[in-house]
Every structure is written in C-alpha cells, then in structure tokens.
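Number of protein chains: 2
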Amino acid sequence: MSILIKNVQLNQHPVDIFIDGSCIARIGEGLSEKAGTVIDGNGKAVVPGFVNGHIHAAMTLFRGFGDDLPLEKWLNEKIWPYEKHLSEEDVYWGTKLACVEMIKTGTTCFNDMYMHYPPVLRAVEEMGLRATLGSTVFDFFDDDFAEKARQQIEKDSILPHDGRISFSLAPHAIYTVSGATLQWANDLAKANGWLVHLHLAETQTEYNNSVKNFGLSPVRYLHRLKLLSPRLILAHCLYADEEEIGMLADNGVRVVHNPNSNLKLGSGYAFRYEEMKAAGVMVGIGTDGAATSNSLNMIEAAKIAALLQKGWRNDPTVVPAEEALRCITENGAAILNINAGKIEAGYLADLCLIDLRSSAFAPGFNFVSNLIYATCGDCVDTVICDGKLLMENRCLKGEREIVEQASKAANRLMTNHG
Amino acid sequence: MSILIKNVQLNQHPVDIFIDGSCIARIGEGLSEKAGTVIDGNGKAVVPGFVNGHIHAAMTLFRGFGDDLPLEKWLNEKIWPYEKHLSEEDVYWGTKLACVEMIKTGTTCFNDMYMHYPPVLRAVEEMGLRATLGSTVFDFFDDDFAEKARQQIEKDSILPHDGRISFSLAPHAIYTVSGATLQWANDLAKANGWLVHLHLAETQTEYNNSVKNFGLSPVRYLHRLKLLSPRLILAHCLYADEEEIGMLADNGVRVVHNPNSNLKLGSGYAFRYEEMKAAGVMVGIGTDGAATSNSLNMIEAAKIAALLQKGWRNDPTVVPAEEALRCITENGAAILNINAGKIEAGYLADLCLIDLRSSAFAPGFNFVSNLIYATCGDCVDTVICDGKLLMENRCLKGEREIVEQASKAANRLMTNHG
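Protein chains in written order, with my numbering: chain A, 626 to 1043; chain B, 626 to 1043.
Quick caveat, the hints were computed from the structure, so don't treat them as lab data. Be aware that one or more of the hints could be misleading.
All copies of an identical chain are treated as equivalent in the list; a pair is satisfied when it fits inside any one copy or across any two copies.
Taking lysine-lysine pairs in the DSS-like style, the calculated list, with each CA pair at most 25 Å apart, reads [as the list claims (entries may be wrong)]: (1) Lys669 x Lys1033; (2) Lys967 x Lys837; (3) Lys709 x Lys1013; (4) Lys669 x Lys1022; (5) Lys780 x Lys709; (6) Lys967 x Lys631; (7) Lys669 x Lys709; (8) Lys1033 x Lys1022; (9) Lys709 x Lys851; (10) Lys773 x Lys659; (11) Lys815 x Lys669; (12) Lys773 x Lys815.
Since this is a predicted model, take the numbers as computed values, not measurements.
Work the whole structure out from these sequences, hints included.
Written as structure tokens, this is what we have:
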C-alpha cells in the first residue's frame, strides 16, 4: 500500500508526499517513488487530519431529537427512555453515521465514550478511522452495578482489534461512578497501558454537588483519590481554578474543551484555556456527541473555541487561527498518545487535502485563517487515514446507505419506544 | 418569468410552489401552472432566503489579511493604509466575491455599509441579490469633510437602480460622525424614505468615550439628538441597559446582532437579545464584513448567536433553533421593510432549496434544528431571489472568474501599497 500526492500545498509551498504503509515516508519536490495510488494535489493544500477529543459517536442517532431543553428534561424525557432500548445494530449504524460526518469534515481520529463497545468497534474498523474507544463505566454508587461494569469491561477489553484502534476505560462522571470504581478503573488502565476518559467539572451543579458530597471540588476530589495522571483525559473541565489547573499540570492530565456543547447546554463559557496553556496542560478540542451539540465538524469546533476565548476575555489576540488548528491536530494526537498531527516524514499518514478553489479561500492571504475562520467543512476534498484513502473528491463509499440505515434505526427506536 | 418547484418539503410536507414574476403566487399540492422553469424538489426542503443584517461586502478583499490583532493595530496597520487605495474595480470584485459566498450559503438579501457606492451597486445588480446599500458617511467632526460627505451622498443617491435594491444612508459611528451630520442624515433619510444604518455601542471603549465626550451613553446620546426612529438600524448594540432598550423599543429602532464579529474582535459577548425581544425591539443577525469575522455564512451566524445566548445566560432553552432561523429570515426582512422572509403566497420569491441528503440531516427528527445546529452552509442547493434562479445544484454562473478576479484585485492592492 502506497500513495503519492503530487504538487500539494504544504505551508504555502508545493511539495510531493510519499506515503508508504501507514506512515508518511518522504516529503519533497519532484518525488519519483512508484506508488499504488497517485493523487493530483494541484489546487489543494494538505493538513493533518483533525482529532476529535471527545465524542459519543453512536449518539448521532439522537441528533435533533431533543434540542433547546433544560438538561434534566432532556436526559429524563428524550435520552434515557430511548437509550436503554438501543440494540447493537442501532449503535453500529449510529457510529457509522458519525464516521461519515467526521470523514466528510476532515476528522481522522476520535476519542469515543459509549456503551455497547462491540458494535462501536466493528463500525470504526469498517470505516477506517483511527480511534480510542472508551467503554463506559457506571456504578451509580451500587456494588451490584460496579460488579456488572467490571464484568463488562473484562469482556470488551479482550476483543481483538485493528492497530488503529485503542481500547480505553470511560468512567462516566464523578456523580455516576463511585470513588472505589474510579480507582479500580485507574489501576486497571495503568496495568494495561490504557487511557481513562472521564467527564469532569462540566457544570456548576456538578461542582456544587462535588463540594457537598465529597467535601472537595471535582479536580481536588480526583487528586485526593490519586487519580490525576498522564493517562487521564478530562472532558469539559469548565470549573477549575488556578490551584486545580496547577494540579492537572503537575500530574500530566490532559483536557478536552467542548465549546459547542458547553454553550448549547448552557453549561458555561469561561473555559480557562489560556491558564491551562500557561500551566502546561495539554488541551484538545472535541465536539461532544451530536445529541447535544449536533455537528461533528472539527473546523467549526476550532473556530468557536477561538472566538469564544477572544470574546469572553475581550482580547482578539488569544488563540490565533494557527493555535486553534494545533489544538485539533498536534494537541489532539498528543492527548491520545498517537504519532500524528503533523505533516512530517515518520508521522502517521492521517491527513486531509483541502480544496482551495472554494470562495472562502479567496483572497489567499492566510491559508490557516481561511481554514479556521472562513470555511465550513465542505472544503475537505480527500481524507487519508493510516495510509489508506477514506474519501477522494468528497466521494465516500457507502455514504448513502449508511445515512439511510442510521435514519431508519433512529426512527425505529423512537417509534417502538415512544 | 415563472418557476414551478415540484414536491419540495415545506414544514415537513411535500408541496408545489409556483413563482410568478418576483413573487410566490401559489403553494399547494399537484399544481399544474405552466412555468418557464420547472425544478424537481424531491429530497429538498424550502426555506426563506437568509437576510444578512450587517455587512461590508467589498471588505471580503481583506479576508485573512489581519487576524487575531488588537483593533487599533488592525485598523492602523492592516486596513486603513490599504483601504484608501481601493479602486472602483477593486470594490466591484470584492462585492462580487461577497455575493458569491452569500448565494452559496443561502443569503438572498443583505444590508451593506461601504464607501464607493457606484461599483457596489453595479456588482449587486449583476449578481441578482436583494440589498439595501448604505453609502457611508464620515465627517470626523470636521466641516469640510461633512460638506464632502453631503456632496457624495447627493451623487450616490440619484443613481438609478433596480427595484430589488434600496439606497440607504450609513453614517459610520458616533465617534466618526458629528451630531449635526447625524441629524442631517436622519432628516434627509426621512424626507426620502431611506433607512439609516449606523454602528452603535459596539465596544466598551466606544461606550466610555461617549459618556466622556457627550455626557451620555451611546443610545441616550442618539435619543437626545432625536435620532431614534423606525428608520434607524443599529449594528452591534452590545452595550445597552434596560432603560436604553426601552428607548429603542419605544421608538421602533431595529438592531442587528453580529455574534462572530463581536467575539472575534473581543468586543464582548453579552448581547441582550432576550431583553430586546421582551421589550419589542426587532432583532436581526449579521456577519459583519469578512475582514473581521471572515465568513459570510448566515447559518453559522445564526448557530453562533443561539449558542452564545444559551452559553452566557446558562440557559439551554433560550433562542431555540426556530427562533434563530426566524432572526435570519422574517426579522431580517422586517428590519429592511421587505415583504420577504416567509414561504407564503404574496411574499417575494426569495428562497433556498436545502439538500436533505447530507449526513447532517440524518436522522430527520427536526429539520430546523438540523439546519441551524448541524449543517455548515453547503446544504444550500438552489437559490432564487426576486423570482430569478441565482444558483441551481450549487452551480453559480461566473463563480470561478469572480473568485480569481477578486483574489487578483486583493493581491494587487496589497502588493502595490505594502
């Protein structure tokens, strides 16, 4: 398997890129390597594939099913009554639908958290994306549930999977998982070299309840449980003060900001990106599931993250376009311990070709600014992941069938259990 | 000139739409009117064309030329040194480029503010969009400038133009135009039935300087000058308290919110949409010029406006998707005194067909939610304005040439005067 991309723009210069197996083997002018596939890069620019740092892929089935509602009502009336009836088939098609949307908007890797691990794994293996797939752990502070969760994890974690895919443990949150189960998950993850993916400090309510129930704020509670480590990925982390950010930095914890979801659910807006960066916390960006924030477009997520920082800080200079792009490429890859996120020889061949003929790229003063601030995702022309072509000229094999099957599954679910 | 659209989804039901001349003549099932053009609406939904309430179209030439900079540095180093060298040809191509982007993302009408009125007018007449074109007035508190501005307006306002296009007066701001000139503009607009398009209360600095220089906050200053009236459209209005919002409502003043621009320039985020709505102020949404907020995509602007309100208020129920859509359709048309913004017989035939096959529309639980929250603008398939087909199947005549000519003009400008 090899691909040669000819005359593509990289940092505003035309180059050839030779991909051998799953890696970028060589970048230069006039490369003459023989390749199984040759792609004409004229009129296109290459960027690393985007990394979606926090998503519940299969929940794309619930997109638009309950918007603009208070969180409790949304969960109690729109999500939980239906989610418990999800079949493996439903989860499979929901995950495939998410993969279609991710590929079409340039995402090559994502950090998932969901139940029903086997059909999620099967869908992602088929779609060709790179992913860390988190099997969700709940115990609701009940020993029987905890035991069931442990048995579930045992089954999920031994399923064989493609090298592109990593297994991770995804305890849901500190208000649904006991400290003992969180520590069990951390120990197991440590022993197996897995990551731990956890929602934390997403809302003021969660923060207040943590103080009430555990006598400590969410980050301090994790610190007391000795769970802060480089294997921990925290989604959201909207409510963390300077001292807590210091704890995250000192322990190498990674954070994923989800601006669209935080805004749409009214969770808050003052994500302390600058403070985390200054302290040395690695920060990525996610879309969260399409049930909450509706779109899985990482260019949009990066734009909104940048705009939001500028807005609430009254400072147009923070998070310039280049930095927003870094968050969804290099940082995302670093958070997941993946050797991707850069277009350099030796890195994984996870990349997109961007169509520069779109009016959003005119005038062409600043490619990265145009990509982050002016386009809307449909400029992604070609997507390569792990050295394999997933989309070319916006054509994605099987797209129509997946959209139809996922829609059918979603309608069936709501009709049968409404 | 007549168009018959067959089997298109309107409020989730298939209908036929017959367009006769510039208006929607009839909507129903199985219409058999003979039409010059017949469009197959299968797999598509119809929505009113979007109204961009505040833009400087020609400034698309400056897109990406100076991002992520403090306002003063941006103006002094990146905009003003070049803007003064703009030729009529440059403005023409810049406006055409903006029109391309607007049509491709479903905008059929916009409220412009710029200098060089004749080439703006020529470009918009050719592109077929509906517009209110504001000729900018500056006097810098100087009598000679004021006199020149008056002469300019006299020349611009008598240019003949298509019925789709309205002339308006666009005094720039209270810090660049004296009270006397503002009053002159208001009197002239009143006598001629024109609208007045003004930046107001965009930044805390503007607010503070207004208090310092005029002894009153921006809205109160306009109130004292007796300028608050239904012919006044205020862009931004981020800094207005309850009493000021009452003054706007009592006098029928219209407001255009520009969330992307306000965030990107760090101007602020707490636009008081709910308070204005409660008081009865008509609020629309704009993108501002692409030099500041980079994209002219109104779906994106509506999404960010809705998300931002939910976020800063910590309330997911405010500005539901339907209301965000209304802001960029009905409200936008109302602000500009145009009989559009609804798909009903008797309304102007300014509308878009949305391609429902995109993965963003799966599942199809809620079309409006999917349109506002999940798509990214490229779902706009066909655009009709004033009963004329501007784009069909995303094909826009002359697009490639306009993108090229505008890019050339922008590069020439920066190269010759850099």
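Status of the hints after comparison with the structure:
1. In this assembly of identical chains, lysine 669 and lysine 1033 lie within 25 Å of each other by CA distance solely across copies; the values are 18 Å between and 36 Å within a copy.
2. For the identical chains of this complex, lysine 967 and lysine 837 are neighbours neither inside a copy (44 Å) nor across copies (51 Å), given an alpha-carbon limit of 25 Å.
3. In this assembly of identical chains, lysine 709 and lysine 1013 lie within 25 Å of each other by CA distance neither inside one copy nor across copies; the values are 36 Å within and 50 Å between.
4. In this assembly of identical chains, lysine 669 and lysine 1022 lie within 25 Å of each other by CA distance both inside one copy and across copies; the values are 21 Å within and 22 Å between.
5. Taking identical chains as interchangeable, the C-alpha atoms of lysine 780 and lysine 709 lie at most 25 Å apart only when both belong to the same chain, with a minimum of 20 Å there against 69 Å between chains.
6. Within a single copy, lysine 967 and lysine 631 get their C-alpha atoms as close as 18 Å, which meets the 25 Å cut-off; across copies the closest is 49 Å, which misses it.
7. For a Cα distance limit of 25 Å, the shortest separation of lysine 669 from lysine 709 qualifies neither inside one copy, at 45 Å, nor across copies, at 33 Å.
8. Taking the shortest Cα distances, lysine 1033 and lysine 1022 sit within 25 Å of each other inside one copy (19 Å), while across copies they are farther apart (37 Å).
9. With identical chains, the CA atoms of lysine 709 and lysine 851 are never at most 25 Å apart, being 33 Å at best within one copy and 62 Å at best between copies.
10. Within a single copy, lysine 773 and lysine 659 get their C-alpha atoms no closer than 53 Å, and across copies no closer than 67 Å, so neither meets the 25 Å cut-off.
11. When the C-alpha separation of lysine 815 and lysine 669 is checked against a cutoff of 25 Å, the pair qualifies neither within a copy, at 42 Å, nor between copies, at 51 Å.
12. Taking identical chains as interchangeable, the C-alpha atoms of lysine 773 and lysine 815 lie at most 25 Å apart only when both belong to the same chain, with a minimum of 21 Å there against 75 Å between chains.
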